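Please put together the full structure from these sequences, using the hints given.
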Amino acid sequence: MNPERWARIKEVFCAALERDEKERPDFIEAACGSDVELRGELELLLREHSLAPDLRSPVKPRDLAGRTIAHYRILGDLGHGGMGDVYRAEDTNLSRHVAIKVLPDVFASDPERLARFEREAKVLASLSHPNIASIYGLEQADGKRFLVLELVEGQTLAQRIAKGPLPFEEAIGVCRQIAEGLEAAHEKGIIHRDLKPANIQITPVGNVKILDFGLARAFQNQSPEVDQPHSPTITDAMTRPGMALGTAAYMSPEQARGKPVDKRTDIWAFGCILYECLTGKRPFEGETITETLAAILKDEPDWDALPASVPGKASDLLRRCMKKDPRERLRDIGDAAIEIAEAGAETVGETAVRPGRSGIKWNLVIPLLLGAALIGAVAGLLILLKTRPSFLAEMITKSAGRPAPAIARRMSIRLPQEWPLAPVGLAPAGVGRPALAISPDGLQLAYAGEHDGETQLYKRRLDSMKVEPIPGTSGAYNPFFSPDGKWIGFFVGNQLKKISTDGGQPILLCEAINCYGGTWADDGKIYFAPHEASRLCRVSVEVGVVETVAVPDKSKGIAGFWWPHAFPGGKGVLFRNGVLSLPAKKTQRLFNDRDSSSVEDPKYLSSGHIVFWTDSRLMAAPFDLGRLGPTGTPRVVLEGVRTESFGGTQCAISDEGTLVFVPGQSGSVGRPVLVNWRGEVEVLPFPQDRYGSFRISPDGTKFVVQIARTSSQIWIYDLVLKGAPRRLSTEEKEGQPIWTPRDGSRITFSAVEDGSWSIYWRPADRSSERQRLIERKGSFEIAPESWSPDGQLLSFRDLGATDWDVFIFNRKSGEANAYLAHDFNEWGSAFSPDGDWVAYTSDESGDYEVYLQQYPHGRKVQVSTGGGNEEPVWSRDGRKLFYRNGRRWLCATDPTNPKFSPGDCQLVFRGDFINISGLDYDVMPDGQRFLVLQSADTSSPGELHVILNWFEELKRLVPAR
Amino acid sequence: MQVKSDEITVLLRRLRQGDEGAADELLRVVYEELRRIAHAYMGREAAGHTLQTTALIHEAWLRLADQTRLDWRDRIHFFGIAAQMMRRVLVDHARARLADKRGAGAAQLSLDWIEIEATPQKLEEILAVDEVLSRLREFDQQQARIVEMRYFVGMTVGETATVLELSPRTVDREWALASAWLRTELSRKGAE
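Protein chains in written order, with this note's numbering: chain A, 1 to 961; chain B, 1001 to 1192.
Note that these hints are calculated values from the structure, not bench results. You may find that some hints are simply not true.
[To be verified] Simulated coverage check for chain B against chain A, where a stretch passes if three residues somewhere in it have a Cβ under 8 Å from a Cβ of chain A:
{"#": "1", "region": "1138-1147"}
{"#": "2", "region": "1178-1186"}
[Said to hold, decoys possible] Label-pair restraints from in silico Cβ distances:
{"#": "3", "chain 1": "A", "residue 1": "K298", "chain 2": "B", "residue 2": "L1098", "range": "39 to 45 Å"}
{"#": "4", "chain 1": "A", "residue 1": "L44", "chain 2": "B", "residue 2": "R1028", "range": "41 to 47 Å"}
{"#": "5", "chain 1": "B", "residue 1": "R1028", "chain 2": "A", "residue 2": "E37", "range": "43 to 49 Å"}
{"#": "6", "chain 1": "A", "residue 1": "K22", "chain 2": "B", "residue 2": "G1158", "range": "26 to 32 Å"}
{"#": "7", "chain 1": "B", "residue 1": "L1098", "chain 2": "A", "residue 2": "R910", "range": "55 to 61 Å"}
{"#": "8", "chain 1": "A", "residue 1": "N2", "chain 2": "B", "residue 2": "G1158", "range": "29 to 35 Å"}
Only a predicted model underlies this, so the values are computations on that prediction, with no experimental measurement involved. C-beta: ideal position from N, C-alpha, C; glycine also.
The structure is reproduced here in structure tokens:
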């Protein structure tokens, strides 16, 4: 490098830093002119600068970059600290990006410390909240121990504050979310202990996530009861040059004194953060750690530094959070939200007098604040407008056909507290369906909400603040709008209905059993996917005559019609990785190179794209409406959206480009947990994963499970030793495993090769290769279900042309014969422990119920009533029969007794556990505990995110022709 | 031991006059101070606390700064030298520790009399930064000094600015550029 050139670089670099990050590329281009090399050099330097402005925290790791540990491919560097190095990585099994934190060697080699850490990590992993970055698991590979954490994109609050103080309403928005995350953790008795702006991440869409929850203590070198003086935070601080003051500055007085801490320590730190957001500077600063700690103990923050626009209530709240004596401090972070709201209310009075520093109209801030105050009942569904009251004006301008400003704008809507979005468990069989709909003109929002355990539709016009229940829609799920926005179609139980948005009674259209989605097309028909999406039907919205328009087609790889979505102009219907063209009624796959489950819930947009979901990521590709096919490669356009276990997504997009979604993650990612009759959950030390169908071994020491990653395979987990699982599969695409009876020596499972299904078995100890038992070339899917106790008969389910049937395979004869094979769905068969009965699920009554059949053709008993019942499992003594009803687990005692009457059952427990395709719970031999799958995302959705003009962003990310 | 300002002033004068031995004497002063501070920390060590190298060095510097009364010219000169020396101590220490792990070598300027918590990674990093820094020094000495003080000695922007008689803003900018440049160089090096 010659000094002249360096001087030039320095000049442009420093000048670029003076400018806003967005303006820099243009500035560099202008400054460098034709000197391409100089420009390249500067771009590199500025990028490096934006990654980490300080040399001292992260230096590129040379030992892990580009490497793979376990199934995590390291993609880059996220930071280094006393608590280990953090990397961005791809979980190649779940195809998602994660952060992994590799524990320091000194740490990993101390068994006692490690054991304590594992215990802590387990508790922390149970924290699930939209404002807390999740811990997915603690893993071990290549001699390294590492935590797998949710990766949160965006900037830290520290980086945000570095650009200057936050306007009041932005500060409130951020701090409200911090308060909510803290509240959720405090409810579980978990304290953060190291809360600071550097531990708060703000995503590009404005979500706030608290990082490293509780890790300060988990990493602690001391007995966990007390935070020792000078440790662990101080030690940690000292180990990170440049970070020392940063960490000490947020310590509470009791922490600084080395006294025991409780949740009020977090409240102190929360106060420090709110102060710093508002003033742009820390409340306590010193040249050294010692000075900083002294200031914390002795000094009052400079209250005069608060901008005049901060209402008195807000500064009162701050003072109460920052009382040096914890006994005088605000006790409960939940109160902070309320206080903030009151602060907002106070500003109402001042509104006309004093606009805020950025010209904010306080009356527009109030709704958010009230929402934060959880006074949803009064405030209704409210919206925050960032800077000006242009939303309505913009809408009106648009509908008048005048061009609107083409900027994507993000905001959030808080649902009334008593009417949150319905949990997925309330839809049939507890399988989540989409709960959100937006009218094509983007003016109306409808959602399935829950009140007192009952779902109902609610609506909200976006030009008003009022949320209204829609009468007559009790039990409704999966709403969708008519193209003119005057009607809402929805499902109730096994019926499809419509209701006018102007009111009136709902109108029954037709029967619609076990539907997965509906769509109102321009041709005046509703297309829907009944019978587990095994056919695509349509019904005229006027006449009510049902017509089947498509059935699965094995030769084309069309297995079902989940999530239909109509193209405009009656051209056809999109569905999970497929297209139906109309009027030809021809089906074809959408992407031949993608698995169906990675093309969930596709929608055509008027911007000329299709969008669909892979996990909780929204992908987009340009689309040719003429030939009904994509014209480009799909790319990720949005992340962090709540999706349900069968692929339904909580996201709605209007024709004019408004996108509404529920923040969250994939609902099919979860972990096995044990739950008892009291509904108490015991977390098992297994990481989050895409667990599928599973069974507990006869001796209760293990369970065998299908793990559905990029390809599905079978693994055996040890419930006693709880060590690393063993993989049984040597081939791809194996699943639905069950144990052989008594000794559990073999695993029986299904497998698919070249589209042809078979059932195999293999010794559980893998002492020999898999061996085929049954081959079913003409089947769409088969799965083994139950062995007779003598090990001679195997029942399995088989998906024929339109429904499931139960077959019995006889080992002696080698033949498989239809057993329960009527013109409706029969599956979930289970031999009783004495082999005399077969329990099963059937929708012969029009809805799923559990039945018993004396084997082979004796007495038949209906066990359950009321619909939505499935998956019978016998207790080991054969006296009890358990079954699932969505979120409830029930039990029939002595159901084979002639005196038993249908529906005479007791509740075992209830819980929001994942419902997957196949057997998704099992009973431990003691009959007291149940193995179920707990979703990684169990929060009840009370907030919607809205992006206006989203097509502008979409077109920039994925240009359409 | 109290650092003697007069002694340092004399040493600096000798150094300016070309006396090579004065440099060694200055090194001894800095080194003694490091040792003294490390021992102070050893006391706390008994309570189960460890300290990382860079934090130790910074603490040492703060004490030097506090106790040394020099006139402004000597001050700049001395702390420039002190920073350089501290870097050398640190680098030597890192090299020795790593060599130890590889079963060879001992440090000239050993810090081994205290138990310092530093991962091999951190030690590697210190060496790597030192190496790249020597290249930076070839075309921007002032910036190299800033890196020495900020990275190796852990001095704040304010401290660095005072010693180098620059505005904090300038130090901030220079440090930002140096950080970015060093990082690109390090990642290039890492990619090799």
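Here's how the hints hold up against the structure:
1. 1138-1147: holds (count 4)
2. 1178-1186: holds (count 8)
3. K298(A) <-> L1098(B): 39 to 45 Å: holds (43 Å)
4. L44(A) <-> R1028(B): 41 to 47 Å: holds (42 Å)
5. R1028(B) <-> E37(A): 43 to 49 Å: holds (47 Å)
6. K22(A) <-> G1158(B): 26 to 32 Å: With a Cβ separation near 30 Å, K22(A) and G1158(B) satisfy 26 to 32 Å, so the hint holds.
7. L1098(B) <-> R910(A): 55 to 61 Å: holds (58 Å)
8. N2(A) <-> G1158(B): 29 to 35 Å: Holds - the Cβ-Cβ distance for N2(A) and G1158(B), about 32 Å, lies within 29 to 35 Å.
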